[in-house]
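Peer 1: Use the sequences and the hints to build the structure in full.
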Amino acid sequence: MIPMFSKILDMKSPKESNVVGLNERNINLIYPNNNKKHYPLADDKVLTKEILHQYDIPCAETYAVVAYNSDIKKVWEECKHYKALAIKPARGSGGGGIKIIKKDDQGNWTSSGKVAEERQIFQHMAAIIMGFFSLGSHDRVLIEECIEPDPFFNRIYPAGVPDFRIITLDQTPLMGMLRMPTDRSDGKANLHQNGVGIGVDMKKGSLTQVYDGKNYFDYHPDSKFVVKGKPIPYWKEILKISIATAKAFPLNYLGIDIVIDKNKGPQIMEINVRPGLGIQLVNKQGLKETILNKNDFR
Amino acid sequence: MNSQTNLKVVLVLITVVALFSIGFKIQPILENYDDFSPNTVYKVNYNYFFKSADKNTAVKSFIPKSNLRQRISEQKSISDSTLYFTKQISENGNVKGIWKTKKKNTYHTLNYEFVFEGKEKTYMIPRDFGEISEKYKKYLKPSENIQSNDRIISDLANVLKQNTSNDKEIINKIFDHVKAIPSAPIITLTDAITTINQNRASCNGKSRLFVALARNLGYAARVKGGIILENTNKRTSHVWAEVLINKTWVPFDALNNHFAFLPANYLEIYKGDEFLITHTPGIQFDYAYQIDQVNHISFLKMNAKEVRELSNISLWSIVEKGVMPQNALNLLLLLPIGGLLVAFLRNVVGVKTFGVFLPVLIAFSLMHTGFVSGTILFVVLILLVGLVSYPFDKIGLLYTPKLVISLSIMVGLMIMATVIGIQYNIAWLTMLTFFPTIILTIAAERFSRATVEDGYKIAIDKLFQTLLATAVCYWLLSWPWLPSILIIFPECILLIIAIAMLLGRYIGIRWTEFYRFRPLFV
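Going down the list, the protein sequences come from chains A and F.
When the letters of the first sequence are read in order and numbered with this note's numbering, they come out as residues 1 to 298.
When the letters of the second sequence are read in order and numbered with this note's numbering, they come out as residues 1001 to 1522.
All clues stand as given, with none of them false.
Straight-line alpha carbon distances no greater than 30 Å define the calculated DSSO-like cross-link-like pairs of lysine-lysine that follow:
no.	chain 1	residue 1	chain 2	residue 2
1	A	Lys188	F	Lys1402
2	F	Lys1462	A	Lys36
3	F	Lys1352	A	Lys36
4	F	Lys1008	A	Lys288
5	F	Lys1179	F	Lys1168
6	F	Lys1394	A	Lys102
7	F	Lys1402	A	Lys99
What the hints contain is simulated information worked out from the structure, not anything from laboratory work.
Peer 2: Now the structure itself:
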């Protein structure tokens, strides 16, 4: 009883802890910085990439965009010579509806290790267009080049596509984390889908602790590979394209998702107008503190 | 001026206007605060018509008096000047009105009018009752129509007494036995033994049998007489039984299944096996009870006119003119309060619910169905519909058609349950139609989607939080004073807007976030 009581007394006040809660995020960060009319630029990946291309910011090459069912076959003829493709709904959320297909040695398309018939691929595209992955509204299919993660990540955990999340406010990167898949996350890197978050020391450009939603580690919980203190490859580049992205969009509070391709280096994957707050837990740091010190990062 | 200052100005303005208007009414209301707080108010009028005989004629009728659960006021006797009205108090405490006339062979009308304010009352019964003091021994004795020492009564009483271990169980057995006797609208006097023999009775036979059985087994008991008040004119009065349990007379109405409970609309008039009206024999006589429900504010000692004069800013005129049913008005007024509560729970506490206002609407449904059975029904419906629509989720249907399937399943379930409930006489199963079908369906749909996307653990957790929010809403909204307060102080709606504006700018950490971010707080 008494230790528990003293635990409560020892708690920091919200002010001291510098944690930003959902209320404060919405009122002080999202509403004043992100105008609702510009949300589609972030929510629709096709629009996002149009702007990225316009400003020559590196991102996965767009092979095709399909807006109508009748175009599926025609577009497929143009794309089928590639060795690997990523098929995505333009307005999907939480990674739903993303299909990665690759050609095997016999020239068959495979998806998650299984042979995928052309018919199945067409069906998937039709489902995207009908809005199956974007809550009932009509959507477009985005077909783009498939990212091959940098070998740096293989040593930490050898499956799925890990990505960085960088929070920017007024074109200044505030906080970052690396999201990695785990044995329990089915190749996904999202924290709430059992992935782990790895904190980032923004000044040194190195990884800090690993957070799995409950506990902190110095290593990836499955591979036991120690990440604490490991320098992040292309860190300067990552910061540079984050700032460039933040400047390219009329949105001042962003969560920018970045992957590192083994050939092309850091690439912007997508941007979020309502980035989650779990990043504070991963970095053991409240966002308010970084906002107060944000000029240090410039 | 920036938008922040504008907001503050609006906020202060709204609050000041509302408080100013409330302030005008608060003084008279505090002065008229009524701690009696009746549930219902009726104006009752005995209408008696008779032709006097060739000699002095008298009409006598018991008249009610106030006690702990009923308040009688504004009693008035209106009749022609030849009728002479007196009151007589008998030794057992009954009050009788007596109207006498010396005028012969003439027609007379007399009205006795009063206002009844009643509360419902539930009595707690101990397992074993105490000794009966000497003063109450007379309530153990048999009478002409309550033949409590007769062999037939004794035999039945002994059967009922078997396999019981305490006084409460015995009373329960007697009650259940008398309740099970088929009821019939028999107007003529039915004594206790006749009730057993013909195995059907109205209130008077059942009450006499109940009292006879109780007395036979050594419990002081008596018949109680009165009228069940409804918004209509009627000629039927009512009797029930009372058992003396540790110095308290506890009511039992085996005809209407009220066990140790008296509803708010029961007007108690007299005790003992008596007749409500007696008159000189052989005269022409007719009667009716004229009963009108009176609108009231439960915590105010004011009549309708005084409330009306309180202020122009009140919804009392809507209530008085019957522009809309009182229930509908209450529901409408409670909606913003419920909404505010949900907003608080979501933005300050951090409770996550399926559907923003679902907890408020479910709380309203629970007021009809009862809290426990309603909550169980709600959970079962959500789980069943979620379960049944799961295969349709897997097929990969578009959102709206899938919702139609869930809605159809929900309607099917509701109809099925209602039919089964009526067939097998299970009251709580027939309550399903009180639930807001469409909103419930959407909630079930969200629940099944959450189990797919976030896993059943998170979905169940969210369902639990929805239930928690519903319970809090139910607790607040079922407070009986709340609708009355809103009717007198509709300005509260303005205050709700002001509070909602404050809530809308609240940037504090939600209580649940203290848990979520606990590593950052230590």
